[in-house]
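*Asks:* Sequence:
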Amino acid sequence: MSNPEGSLSEGTEYRSPIGMTEDSLAILERNRVSGEPWDIGETKPCVEGQERGVYLSCFDMLLTEDATWLVKVSEASPAVAVPMYRMEPQEEPEQCPVIDSQEHGLSPGLEGQEEERSLEQVQSMVVGEVLKDIETACKLLNITPDPIEWNTGNVQKWLLWTEHLYRLPHAGKAFMDQTGKDLCAMSEEEFRQRSPQCGDTLHAHLDIWKSAAWMKERCSVGDTKTTAGEDLWSEADSSCSGQPIHLWQFLRELLLKPHSYGRCIHWLNKENGIFKIEDSAHVARLWGLRKNRPAMNYDKLSRSIRQYYKKGIIRKPDVSQRLVYQFVHPV
DNA sequence: AAAGAGGAGTAGA
DNA sequence: TCTACTCCTCTTT
Numbered sequence: 001m002s003n004p005e006g007s008l009s010e011g012t013e014y015r016s017p018i019g020m021t022e023d024s025l026a027i028l029e030r031n032r033v034s035g036e037p038w039d040i041g042e043t044k045p046c047v048e049g050q051e052r053g054v055y056l057s058c059f060d061m062l063l064t065e066d067a068t069w070l071v072k073v074s075e076a077s078p079a080v081a082v083p084m085y086r087m088e089p090q091e092e093p094e095q096c097p098v099i100d101s102q103e104h105g106l107s108p109g110l111e112g113q114e115e116e117r118s119l120e121q122v123q124s125m126v127v128g129e130v131l132k133d134i135e136t137a138c139k140l141l142n143i144t145p146d147p148i149e150w151n152t153g154n155v156q157k158w159l160l161w162t163e164h165l166y167r168l169p170h171a172g173k174a175f176m177d178q179t180g181k182d183l184c185a186m187s188e189e190e191f192r193q194r195s196p197q198c199g200d201t202l203h204a205h206l207d208i209w210k211s212a213a214w215m216k217e218r219c220s221v222g223d224t225k226t227t228a229g230e231d232l233w234s235e236a237d238s239s240c241s242g243q244p245i246h247l248w249q250f251l252r253e254l255l256l257k258p259h260s261y262g263r264c265i266h267w268l269n270k271e272n273g274i275f276k277i278e279d280s281a282h283v284a285r286l287w288g289l290r291k292n293r294p295a296m297n298y299d300k301l302s303r304s305i306r307q308y309y310k311k312g313i314i315r316k317p318d319v320s321q322r323l324v325y326q327f328v329h330p331v
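With UniProt numbering, letter number 240 in the first sequence gets 240, and the count goes up by one each step, no holes.
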């Protein structure tokens, strides 16, 4: 599904202060699948701070169609400050309301200010989502956020993950025996040489990860002003603490990210801990990725779930349904 | 056919 | 020792 036609910008190349190119972001935008990793549900409101400027400049080309829609809504309702949008856009993006800002225009002077403020808010939200997505991937793959630290195994995991998320053709072999450091040193051209089909997309994704790591490092050595991104990174990370993750924890993690995994697993009744696995093969693949078990399938995963019956962790609901389970002690 | 249930052996931390 | 993986047979949907 990669995009052979590719119309990259030429001439004066946009480059953010941390090296993320407009090309990279344009490629990502063209290749991303139905907003999955970038969708903007559950986004925390942005926090005012001097550091924000850094985030915005790093990601200011990340404005997606979804984000544009948010800007338009914000313009239409300027009194609402960064609402907590709960979007489910993957299935039916065409149902998102589109409000033409031209037709609902504000007065010329105010319009510019409002637009700028809305833009900043949206940019901050998008940055937060990017960091959250990376954080999620790190948890699930058990890798560090900074690509520089990846060994060859981590690189292969990241490749598999990215290919899986964006439905890219498999390119793992092209990057066999490459460490994260090797990868980071490669130019986009080198990526393309190794993988003509999706090298540019992979390079763009790596660019995002590198930038996020750069930002994280900058935040940790910088002043103590809090930003949305910093909040996200400081969240407790049980699965990266060295303890092997349990299957029930993993399932709960997926369930807690409905905007990313809602299509393969979701709550039927969160209060009672009842959930349904919609795509058993997908969930099994994710679990296999997480545990480094390429042969994992739903048969094996479900056997592990059934082991929880005796332990009183998971059970079948009173009215048993296929692929529906229940946490005995819901949160 | 796919999912569910559970026995049994094995591996790894 | 515990947890999960794997393979298996049989049953249920």
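The reader is advised that the hints may include incorrect statements.
Think about it this way: if two alpha-carbon atoms lie no more than 30 Å apart in a straight line, the pair counts; the simulated DSBU-like pairs of lysine-lysine are [as the list claims (entries may be wrong)]: (1) Lys-210 / Lys-270; (2) Lys-291 / Lys-311; (3) Lys-181 / Lys-291; (4) Lys-181 / Lys-276.
Each pair of labels, with its calculated beta carbon distance range [to be verified]: (5) Arg-252 / Asn-292: 35 to 43 Å; (6) His-164 / Pro-244: 35 to 43 Å; (7) Pro-294 / Pro-330: 37 to 45 Å; (8) Gln-193 / Ser-304: 39 to 47 Å; (9) His-164 / Ser-304: 37 to 45 Å; (10) Lys-181 / Gln-321: 26 to 34 Å; (11) Asp-299 / Arg-167: 34 to 42 Å.
Simulated from the structure, these hints should not be mistaken for laboratory data.
We put the CB at the ideal spot given by N, CA and C, even for glycine.
*Asks:* Which hints from the list above does the structure break, by number from lowest to highest?
*Replies:* The structure breaks hints 1, 4, 5, 6, 7, 9, 10, 11; every other hint is satisfied.
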